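For the protein sequence lines, the chains are F and Y, in the order given. The opening position of the first sequence corresponds to residue -10 in this note's numbering, with each subsequent residue numbered one higher. The opening position of the second sequence corresponds to residue -3 in this note's numbering, with each subsequent residue numbered one higher.
Hints were generated in silico from the structure; no laboratory data involved. No experiment lies behind these values; they were computed from the predicted model shown.
Pairs of lysine-lysine residues, derived as DSS-like cross-links and limited to a Cα-Cα distance of at most 27 Å, are as follows:
hint	chain 1	residue 1	chain 2	residue 2
1	F	Lys200	Y	Lys8
2	F	Lys200	Y	Lys128
3	F	Lys86	Y	Lys8
4	Y	Lys250	Y	Lys232
5	Y	Lys13	F	Lys86
6	F	Lys(-8)	Y	Lys268
7	F	Lys181	Y	Lys8
8	Y	Lys278	F	Lys177
9	Y	Lys39	F	Lys181
10	F	Lys189	Y	Lys39
11	Y	Lys176	Y	Lys210
Listed below are the residues making up each chain.
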Amino acid sequence: MGKQILMKGNEALGEAAIIAGCRFYFGYPITPQNEIPAYMSRRLPEVGGTFLQAESEIAAVNMVFGASAAGARVMTSTSSPGMSLKQEGLSYLAGAKLPCVVVNIMRGGPGLGNIAGAQGDYFQATRGGGNGDYRHIVLTPASVQEMAELTVLAFDLADEYRITVLILGDGYLGQISEALTLPEPTGKVFEKPWALTGAKGREPNKIASLKLVPDHVLEEMNLSLERTYNEISSRECRSESYLTEDAEYLLVAYGTSSRICRAAVNELREEGVKAGLFRLITAWPFPAAALKRASLKAKKILTVEMSLGQMIEDVRLSVDNPERVDFYGRSGGMLPETEEIKRRIKAYGN
Amino acid sequence: MKTILQKPETFKSSRIKPVWCPGCGDYGVLNALDKTFKTLEFKPENIAVVSGIGCSGRFSHYFNSYSLHGTHGRALPTATGLKTVRPDLHVVTVGGDGDGLSIGGGHIAHAARKNVDLTYIIMDNNIYGLTKGQSSPTTPLGYTTKTAPYGVYEESLNPIAMFLSYDISFIARTTSADMKIMQKILTEAIEHKGFSLVYVMSPCVTYKALPYSKLKEITSPLPEDHDISDKMAAFKYAYSEETMYTGIFYRKEKSCLNERLQEVFQMAETSKTTSEIMAEFK
Ligand SMILES: Cc1ncc(C[n+]2csc(CCOP(=O)(O)OP(=O)(O)O)c2C)c(N)n1
Ligand code: SF4
Chain F
-10 MGKQILMKGN EALGEAAIIA GCRFYFGYPI TPQNEIPAYM SRRLPEVGGT
40 FLQAESEIAA VNMVFGASAA GARVMTSTSS PGMSLKQEGL SYLAGAKLPC
90 VVVNIMRGGP GLGNIAGAQG DYFQATRGGG NGDYRHIVLT PASVQEMAEL
140 TVLAFDLADE YRITVLILGD GYLGQISEAL TLPEPTGKVF EKPWALTGAK
190 GREPNKIASL KLVPDHVLEE MNLSLERTYN EISSRECRSE SYLTEDAEYL
240 LVAYGTSSRI CRAAVNELRE EGVKAGLFRL ITAWPFPAAA LKRASLKAKK
290 ILTVEMSLGQ MIEDVRLSVD NPERVDFYGR SGGMLPETEE IKRRIKAYGN
Chain Y
-3 MKTILQKPET FKSSRIKPVW CPGCGDYGVL NALDKTFKTL EFKPENIAVV
47 SGIGCSGRFS HYFNSYSLHG THGRALPTAT GLKTVRPDLH VVTVGGDGDG
97 LSIGGGHIAH AARKNVDLTY IIMDNNIYGL TKGQSSPTTP LGYTTKTAPY
147 GVYEESLNPI AMFLSYDISF IARTTSADMK IMQKILTEAI EHKGFSLVYV
197 MSPCVTYKAL PYSKLKEITS PLPEDHDISD KMAAFKYAYS EETMYTGIFY
247 RKEKSCLNER LQEVFQMAET SKTTSEIMAE FK
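Produce the entire structure from the sequences given, and follow the hints as far as they go.
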């Protein structure tokens, strides 16, 4: 294992992409993710890779479409308003079954909002912000170490399932500097017989999300996508259960808000309160079974988000007796407070 | 045993037949591009067609080569992404006047700045064909369309002047009415290193904003003595109000995107600062 290195979350993510074999990056500047394109612009050419600053997020996602069709490992990154612009492209990538990695370092919204970290794009990420029946995998890192590790995983998942993998971070994670151990490449190789390569002696491949064929063919394609989505749901749910076994009070969170919750759990335990934390690592597929298990002994389940309540819908759908589920959130780039979480948990006991 | 180089009989797909209306100008472009690639002795696996959305955008399905059919108006960025991964492919990007000049109009300037080595064919029929006859950015002022029942009240664009101001490295205009000339221009465009733009006046026979009869009346070849390196002269012909000139307006040699990227690789190769730091931590 390598030595530890101090890096910003955004830069660790960039380096992890290089480790994973990403050699093409297209993006458009937006705070708080600007370190990613800056890092990629310097770093990619060193390893023979291509960085292009696109004229917009729309151009960037369509450049990704072209590069992915040619079989490359490719990434784009943005923050919330830019993510909205990419949605049409992501729907077309899904329709054409093209793999790619997209990063959203969320900021406060709606609209231009502000540049502080937030978690207001959970609905957009997990429900599909683009048109049509499609899904993408959503990974939710909570540390600089995880920004790097999940990025390496993202490229493998994207190629394995021919799908978009979205890394859903937030401005705090992007900006924070922490020590990490750089992940190793996984060495997995994925054949891409569908790509625009290697047509010598056979008919060249065509890639389109438009089906110029009878109507039922689109439904069949969607059903085949659904089979992939079901497979992902059964195999790729990821989460962390922290002190949940005997937890009477369960906190549910992801990303930066889960770090605040972990601190609250530690302090509550010191005071003898049986608190635990369930943390998402995948927001889609949602780790419903694991959450149900973690919540078995819980009298109350407090969902903590940096939004006015989005993930809470999935929490309610996953647990028995959903009337146990309560909510605490801060919005517009504000952070939930450890003291407030502790106050609420203690109030449940009275 | 002698290997016989098998040339494809045609680049027109044997599996998918065009659903364009009989007489649509786009057939002319399909035929001309097919002939051009045959004459240049290309093989299907050397070519990728990236198309926008519209009647013209269906082109990629009808062409026997690699093809990519993406979102409306974004064929140029899609082609740029493809070209960075496969610089060996001859990329032809195709689309209509709505796709290229309205929803996707912002991308042309940036493909020009990068001088991406590809050929962009815009088929201008002065109308939105696929969505059945709405106004496009080149519909003539006053012409009535599905969305301009009282006549179009926006002025139409002057695309050639726009392309000249973007300093696109090869700019030509031609028409579907003359296959021979289109083929000649396509050949030069494909052989040109860098971004080449071939603007084809390609009438829609169904919505008729630009009938063949009018095209015959208003077009005329650029004067033989036009110097294609003279941008100001090209501007003058682009702005001509009486005549729509056809032929090669402008051509300029400059380095293309892939060459510039090679230079960047070399600069990074000699510095490699980050690589060295990272190697310490692996
Ligand atoms: C985002 C989006 N908006 C609108 C459409 C509908 N649409 C499809 S083609 C087209 C315009 C086509 O006109 P043009 O580019 O001139 O091509 P033509 O059909 O005339 O060849 C429109 C508006 C679409 N497919 N996607
Ligand atoms: S509607 Fe017009 S542009 Fe479309 S296929 Fe018919 S003639 Fe061609």
